[in-house]
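Trainee: Single-letter residue listing:
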Amino acid sequence: MSHNGNIKLQIDNYSLFYGDFQALKDINVAFEANKITSIIGPSGCGKSTFIRSFNRMNDLISSVRVQGRIVLDGENIFDLDPVDLRRRVGMVFQKPNPFPKSIFDNVAYGPRMHGVRDRGRLTEIVESSLRSAALWDEVKDKLDKSGLALSGGQQQRLCIARALAVEPELILMDEPASALDPIATLHIEELIQILKEHYTIVIVTHNMQQAARASDYTAFFMMNEDRSGSLVEYGPTEKVFTNPHDKRTEDYITGRFG
Amino acid sequence: MDNQETNASFSRRLFSLQHVVDETPIIAETPRASIGSQEAIVRKQLTQKIVFGLFWLTGLLAVAVLIGVVGYLLVQGAQVISLDFLLTPPQGGLEGKGGISTTIITTLYLVILTIAIATPLGVGAAVYLVEYAGEMHGRRGLVPVLVSIARLGVETLAGVPSIIFGLFGYVLFVLYMRFGFSLLAASLSGACLILPVIIRTSEEALKSVPKSYREGSLALGTTQLQMIWTVVLPAALPGIITGIVLSVGRVFSETAVFYVTLGGSYRIPTSLLSGGRTMALHVYYLAMDTRAFDKAMGTAAILILIIIIINAIINYITHRVSVSLGR
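Heads up: the protein sequence lines correspond to chains V and Z, in order.
Quick note: the first sequence uses the working numbering, first residue 1, plus one each step.
Quick note: the second sequence uses the working numbering, first residue 259, plus one each step.
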């Protein structure tokens with residue numbers, strides 16, 4: 001597939017195994033910078049495993065083995081130090097997971113871990129990150145309160161602010177709104193639209209309306225007969241949803257299975 | 259036609275139930291009880307009352323035993339407890355003359371020293387077992403085997419009688435390492451005794467820290483050590499402190515280990531290498547070697563009071579720490 005614009009992340013012949021079980025099979029795709037790419041597909045087709053490859057979170061599972069290359073700005077991520085890679089590639093998880101620390105300390109956590117000690121600098125980072133995550137106005141008077149005391153939607157935006165605070169280039173979101181109510185979901189979607197000005201975003205979602213509404217490109221994954229996941233179709237969201245070239249994509253999108 | 263009958267009987271039953279619901283408000287809170295006849299409901303409630311009554315009784319019994327023991331000691335001990343008793347050293351002899359001042363100080367020395375030795379070792383071992391060796395399970399090689407042996411060792415040690423630790427400490431620290439009957443030998447032996455407790459409780463506390471905290475930290479580009487230090491340990495701290503509290507009580511009340519490693523001198527230890535006598539040991543000596551049984555009671559009462567006070571202080575601090583961490 002050819003794309004205009006610059007490529008942020010390119011995946012070449014990527015396969016992933018849990019022990020003997022192949023979870024992802026020969027995936028080739030490239031994600032454009034400053035765009036939102038959504039990954040859709042039925043449960044268990046490897047969507048989460050796929051995006052957890054981009055910041056090498058799968059490394060934490062000892063039985064995982066990979067083949068192929070994932071290239072971030074010209075560098076194969078498997079040649080990089082995973083700790084350094086994860087600073088460049090932020091992640092927002094399915095369930096909001098703020099630390100049991102104050103709102104301030106949650107956002108300042110990443111910068112502190114990377115050596116920012118100056119209180120004034122930290123205060124600036126916390127404010128700008130919370131503003132970018134559209135949470136500043138709601139929490140500016142209670143920065144010393146626990147992050148766990150916020151509502152679910154606020155907690156998720158706090159986690160987004162926490163990820164932004166280390167200035168990542170690429171942000172991965174693993175069903176970031178699946179644990180939230182419709183209004184909080186809408187907030188997150190609006191936020192993602194604003195964030196794409198500065199960041200490249202890859203988002204896994206179960207919710208097809210969300211993919212259709214909120215993304216520029218869509219990748220559709222499906223299980224093969226041996227239960228390994230592979231990429232069926234990739235293209236501009238509008239095309240994938242209105243005029244898919246693969247029959248399976250059409251069946252999935254029109255709700256015939258999945 | 260069958261359906262109609264069922265419907266009729268169902269609405270009849272519903273009606274009779276409505277009556278029950280109006281009469282007895284408890285049923286409204288337990289919707290499950292609304293299935294079945296009125297007698298069945300009454301029977302269920304009666305069963306519930308009887309079972310709750312039994313629970314209540316067993317709870318009461320447990321508390322009564324505790325209060326009985328402490329109360330008996332306090333009443334018996336009250337006759338000898340005075341400021342003088344607390345502030346004068348024991349004088350020995352068959353009459354068990356004197357107070358308990360030096361044994362209080364020796365006990366505090368020993369508790370602090372033992373906890374100071376065992377806590378870093380125990381928490382460190384737990385961090386290793388949970389955070390680093392956790393993935394070893396089911397794998398082959400020398401390290402996984404050693405790790406599973408270590409786990410088995412910890413579990414076994416938790417059930418070993420304390421006199422065994424005492425004899426071990428006597429042979430290793432008192433004789434072989436030539437520490438003699440001393441604070442050092444006793445606290446090292448005591449540390450061996452409480453290590454399994456600290457390791458087990460710390461392990462449980464570390465395991466209960468949600469995976470999402472660890473992932474959240476690592477996803478920001480922290481090293482595993484940073485993650486453990488800044489997220490996992492603070493979140494596990496209340497559980498770890500619980501283990502330390504249990505151990506403090508254990509050291510306070512331990513007798514057998516210190517009987518064979520600390521000696522029995524009732525002077526205040528002047529260095530790590532001098533011996534001494536803890537309050538628990540003093541209770542034992544008074545009861546076995548003197549006629550001053552009342553003083554043994556008094557000492558025991560003070561010992562229990564100190565344990566209660568120290569537990570209360572540690573619990574208060576833990577509460578404050580976890581509140582400020584959760585802030």
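Worth flagging that the hints you see were computed from the coordinates, not collected in a lab.
Note that CB positions come from ideal geometry on N, CA and C, so glycine has one too.
A portion of the hints provided could be inaccurate.
Said to hold, decoys possible - Computed Cβ-Cβ distance ranges for the label pairs, DEER-style:
{"id": "1", "chain 1": "V", "residue 1": "Phe17", "chain 2": "Z", "residue 2": "Leu410", "range": "51 to 57 Å"}
{"id": "2", "chain 1": "Z", "residue 1": "Phe313", "chain 2": "V", "residue 2": "Arg248", "range": "29 to 35 Å"}
{"id": "3", "chain 1": "Z", "residue 1": "Trp314", "chain 2": "V", "residue 2": "Glu124", "range": "55 to 61 Å"}
What the hints assert, rightly or not - Once the Cα atoms are required to be at most 20 Å apart in a straight line, the calculated DMTMM-like pairs of lysine to aspartate or glutamate come out as:
{"id": "4", "chain 1": "Z", "residue 1": "Lys307", "chain 2": "Z", "residue 2": "Asp552"}
{"id": "5", "chain 1": "V", "residue 1": "Lys25", "chain 2": "V", "residue 2": "Asp12"}
{"id": "6", "chain 1": "V", "residue 1": "Lys35", "chain 2": "V", "residue 2": "Asp226"}
{"id": "7", "chain 1": "V", "residue 1": "Lys95", "chain 2": "Z", "residue 2": "Asp552"}
{"id": "8", "chain 1": "Z", "residue 1": "Lys469", "chain 2": "V", "residue 2": "Glu238"}
{"id": "9", "chain 1": "V", "residue 1": "Lys25", "chain 2": "V", "residue 2": "Asp226"}
Trainee: All hints, please: hold or fail.
Mentor: Verification of the supplied hints:
| no. | hint | verdict |
| --- | --- | --- |
| 1 | V:Phe17 to Z:Leu410: 51 to 57 Å | violated, 32 Å |
| 2 | Z:Phe313 to V:Arg248: 29 to 35 Å | violated, 58 Å |
| 3 | Z:Trp314 to V:Glu124: 55 to 61 Å | holds, 59 Å |
| 4 | Z:Lys307 to Z:Asp552 | violated, 45 Å |
| 5 | V:Lys25 to V:Asp12 | holds, 11 Å |
| 6 | V:Lys35 to V:Asp226 | violated, 32 Å |
| 7 | V:Lys95 to Z:Asp552 | violated, 62 Å |
| 8 | Z:Lys469 to V:Glu238 | violated, 37 Å |
| 9 | V:Lys25 to V:Asp226 | holds, 10 Å |
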